[in-house]
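2 protein chains.
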Amino acid sequence: MIINDPNAIEARSMEIIEGELAAMGIDIPEERKPVVKRVIHATADFDYAANLFFSEGAVERALEALRNGCSIVTDTQMAKSGINKAAAAKLGCEIQCFMSDPDVAAEAKERGCTRALVSMEKASRLPGPLIFAVGNAPTALLAIRDLIDAGKLRPELVIGAPVGFVNILEAKDAILALGDDVPHIVAKGRKGGSNVAAAIVNALMYKITR
Amino acid sequence: MIINDPNAIEARSMEIIEGELAAMGIDIPEERKPVVKRVIHATADFDYAANLFFSEGAVERALEALRNGCSIVTDTQMAKSGINKAAAAKLGCEIQCFMSDPDVAAEAKERGCTRALVSMEKASRLPGPLIFAVGNAPTALLAIRDLIDAGKLRPELVIGAPVGFVNILEAKDAILALGDDVPHIVAKGRKGGSNVAAAIVNALMYKITR
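Those protein sequence lines, which keep their order, are chains A and B. The opening position of the first sequence corresponds to residue 1 in our numbering, with each subsequent residue numbered one higher. The opening position of the second sequence corresponds to residue 1 in our numbering, with each subsequent residue numbered one higher.
Careful, some of the hints might be misleading.
Since the list can't tell identical chains apart, any single copy or any two copies may satisfy a pair.
Said to hold, decoys possible - DMTMM-like, lysine to aspartate or glutamate: derived pairs with alpha carbons at most 20 angstroms apart:
hint	residue 1	residue 2
1	Lys188	Asp45
2	Lys188	Asp47
3	Lys152	Asp181
4	Lys109	Asp5
5	Lys122	Glu64
6	Lys85	Asp173
7	Lys85	Asp180
8	Lys207	Asp173
9	Lys90	Asp47
10	Lys109	Asp47
11	Lys152	Glu107
12	Lys122	Asp27
13	Lys109	Glu121
14	Lys188	Asp101
Simulated from the structure, these hints should not be mistaken for lab results.
Okay, chain A solo, but in the shape it has when bound (with noise of 0.2 angstroms):
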């Protein structure tokens, strides 16, 4: 049977994930449950149960970087497109990406990095609270560690969770190893994606907005 009431959908999604976590005897913090299972319903990989790693009170802090209109950089024009404009919106929040600017590209191809990296950068110099969504580029992960570890970056949540086989766990370990100091969620492991990190920003969002 087709149904066709959108929230109708979500909701009955929502209750089948839950139903097949207690049923494969996962048991989530009550806090992080939400990202978890916004982030299966993106993906259908119930990996992401075992897979996402919160540093201590990274929900909490997060949370409240969104109540103050906090900026989201992403890594991907995609991330981008697939966070919740009309809950950014409500919360104050600016959605930047980067990564297609022709400054960044010019600079990029200068030093001979990655856009990526030039992108973190230049969000690091944005004012106010600032969340990393990162769903493709470990080079992105690798320049936020560097800036804060200079100093110059203190976000409010870090978001891991490019995908891939080269250079990945290397760059999601430099954000585990931050400790809970500076907050974030990772996707350990090889899985992620920009629809991954979307889900998780979306997530947060709807735990004030819905």
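Got chain A sorted already, so can you dock chain B onto it with the hints?
For chain B alone, coordinates are given in the frame of chain A:
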């Protein structure tokens, strides 16, 4: 060790994927391999080696359409964002997504149906050859099937890769049941997504442009 050259990263990633597929004893026909590998590259999920179903001759028909500068229609802005603009431009292909069009929203509201359905109807009125890349909305696939059955649409390729838990299998079955007459590539089961739909389009385009 961190590899910095994007081309080297992609080449190495594809080597790893190829190696792991071989180690799993999975043999994919040469013509379909770039599509399967690119979806695994986008998701780090080897399930797609088994999940991706190709109707007979689908790749060949799709390449012909791409060479003829077809329109590529998506059901999300996210899938549109994920399709390589430079490759599409090189082929003279336009990427279209009508989901955010005000006329689509108004008509969907009036008819009490999804914007995805109205978007696909709007797309069916585009001139020239059409490739549909559906990564989100099962109702988009059902609309495409209805349009085909009504003799109003004859797509060169339907990519059926919505992800989720409700209506998804029914919608994918509606495309699979078309048989080889209507070329299709379907991600069987629950998995899929805008990233998967975009990766399939990119893999097909790169067969010509690279």
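Cross-check of the supplied hints:
Taking the shortest alpha-carbon separations for lysine 188 and aspartate 45, both the intra-copy value of 14 angstroms and the inter-copy value of 14 angstroms come in at or below 20 angstroms. In this homomeric assembly, lysine 188 and aspartate 47 come within 20 angstroms of each other (Cα to Cα) both inside a single copy, at 10 angstroms, and across copies, at 18 angstroms. Only within a single protomer do lysine 152 and aspartate 181 lie at most 20 angstroms apart by alpha-carbon distance; the minimum there is 15 angstroms, versus 59 angstroms between protomers. Proximity of lysine 109 to aspartate 5 under the C-alpha cut-off of 20 angstroms is restricted to the inter-copy arrangement: shortest distance 12 angstroms between copies versus 48 angstroms within a copy.
Taking identical chains as interchangeable, the C-alpha atoms of lysine 122 and glutamate 64 are never at most 20 angstroms apart, the minima being 23 angstroms within one chain and 42 angstroms between chains. For the identical chains of this complex, lysine 85 and aspartate 173 are neighbours neither inside a copy (31 angstroms) nor across copies (32 angstroms), given an alpha-carbon limit of 20 angstroms. Taking the closest pair of Cα atoms, lysine 85 and aspartate 180 never come within 20 angstroms of each other, the shortest separation being 29 angstroms inside a single copy and 39 angstroms across copies. For the homomeric pair lysine 207 and aspartate 173, neither the shortest alpha-carbon distance inside one copy (28 angstroms) nor that between copies (35 angstroms) is at most 20 angstroms.
In this assembly of identical chains, the alpha carbons of lysine 90 and aspartate 47 never lie at most 20 angstroms apart, being 32 angstroms within a copy and 38 angstroms across copies at closest. Taking the closest pair of Cα atoms, lysine 109 and aspartate 47 never come within 20 angstroms of each other, the shortest separation being 37 angstroms inside a single copy and 37 angstroms across copies. Taking CA atoms no more than 20 angstroms apart as the test, lysine 152 paired with glutamate 107 passes inside one copy only; the shortest distance there is 19 angstroms, against 49 angstroms between copies. For the homomeric pair lysine 122 and aspartate 27, neither the shortest alpha-carbon distance inside one copy (39 angstroms) nor that between copies (45 angstroms) is at most 20 angstroms.
Within a single copy, lysine 109 and glutamate 121 get their C-alpha atoms as close as 15 angstroms, which meets the 20 angstroms cut-off; across copies the closest is 43 angstroms, which misses it. Taking the shortest Cα distances, lysine 188 and aspartate 101 never come within 20 angstroms of each other, neither inside one copy (30 angstroms) nor across copies (38 angstroms).
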